[in-house]
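Student: All chains, full assembly: derive it from the sequences and hints.
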Amino acid sequence: MRQGNLRSKKFYDAKYDGLVDTIFQLPFSGFFMEFDDEKYCNFSLLEKRQGQKIVLGLVNTQSDELEDKEVLLKRLEEANKHVDPKQICIATQYGFASTEAGNLISEEGQWRKLDLVHELAESLNA
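Quick note: the sequence shown, position 17, residue 86 per the numbering used here, numbers continuous.
Be a bit skeptical, because a hint or two may be false.
Restricting the straight-line Cα-Cα distance to at most 25 Å, the calculated cross-link-like pairs of lysine to aspartate or glutamate (DMTMM-like) are [unchecked claim]:
#1 Lys155 with Asp86
#2 Lys150 with Asp90
#3 Lys122 with Glu191
#4 Lys150 with Glu177
#5 Lys143 with Glu191
#6 Lys150 with Glu136
#7 Lys117 with Asp86
#8 Lys117 with Glu177
#9 Lys117 with Asp105
#10 Lys143 with Asp133
#11 Lys122 with Asp105
#12 Lys138 with Asp90
#13 Lys117 with Asp133
Since the hints were derived computationally from the structure, they do not count as laboratory data.
All values reported here derive from a predicted model rather than from experimental measurement.
Tutor: Structure follows, in structure tokens:
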């Protein structure tokens with residue numbers, strides 16, 4: 070589930086609160102969900118899952134600004150209170166471009182963000 074964006078601006082701004090009861094009833098084995106913004110980090114909603122895996126999109130793909138790894142690790146700890154860590158995967162919020170024009174992020178910034186996702190995934194598996 071994604072907010073969508075064009076040139077680093079979201080198409081709409083909605084929280085998951087009103088959606089999860091319906092969405093987690095769908096016959097899918099997992100869900101990709103954006104959690105790159107503090108206001109979307111209500112991980113207690115994940116308790117409504119029906120056993121599906123959750124891919125947490127914690128790393129923003131819209132700018133070169135690199136997230137603080139310690140802050141993201143704390144978000145993972147919070148998510149682990151509501152979901153079995155074996156059911157959690159880590160990713161960027163979504164890809165680096167929704168259109169050919171892409172987002173306002175450099176190639177170097179994209180690689181730094183992917184390195185951060187890799188580091189977070191390693192800590193999840195530790």
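Student: Hint by hint, note whether the structure agrees.
Tutor: Hint by hint, here is what the structure shows:
1. Lys155 with Asp86: Given pair Lys155, Asp86 holds - Cα atoms ~23 Å apart, limit 25 Å.
2. Lys150 with Asp90: 19 Å, holds
3. Lys122 with Glu191: Roughly 18 Å between the alpha carbons, so the hint for Lys122 and Glu191 holds.
4. Lys150 with Glu177: Cα-Cα ~34 Å, so violated.
5. Lys143 with Glu191: Distance ~15 Å between Lys143 and Glu191 Cα, so the pair holds.
6. Lys150 with Glu136: 22 Å, holds
7. Lys117 with Asp86: Given that 25 Å is the threshold and the Cα spacing comes to 11 Å, the pair holds.
8. Lys117 with Glu177: 38 Å, violated
9. Lys117 with Asp105: 20 Å, holds
10. Lys143 with Asp133: 21 Å, holds
11. Lys122 with Asp105: Given that 25 Å is the threshold and the Cα spacing comes to 18 Å, the pair holds.
12. Lys138 with Asp90: 31 Å, violated
13. Lys117 with Asp133: 34 Å, violated
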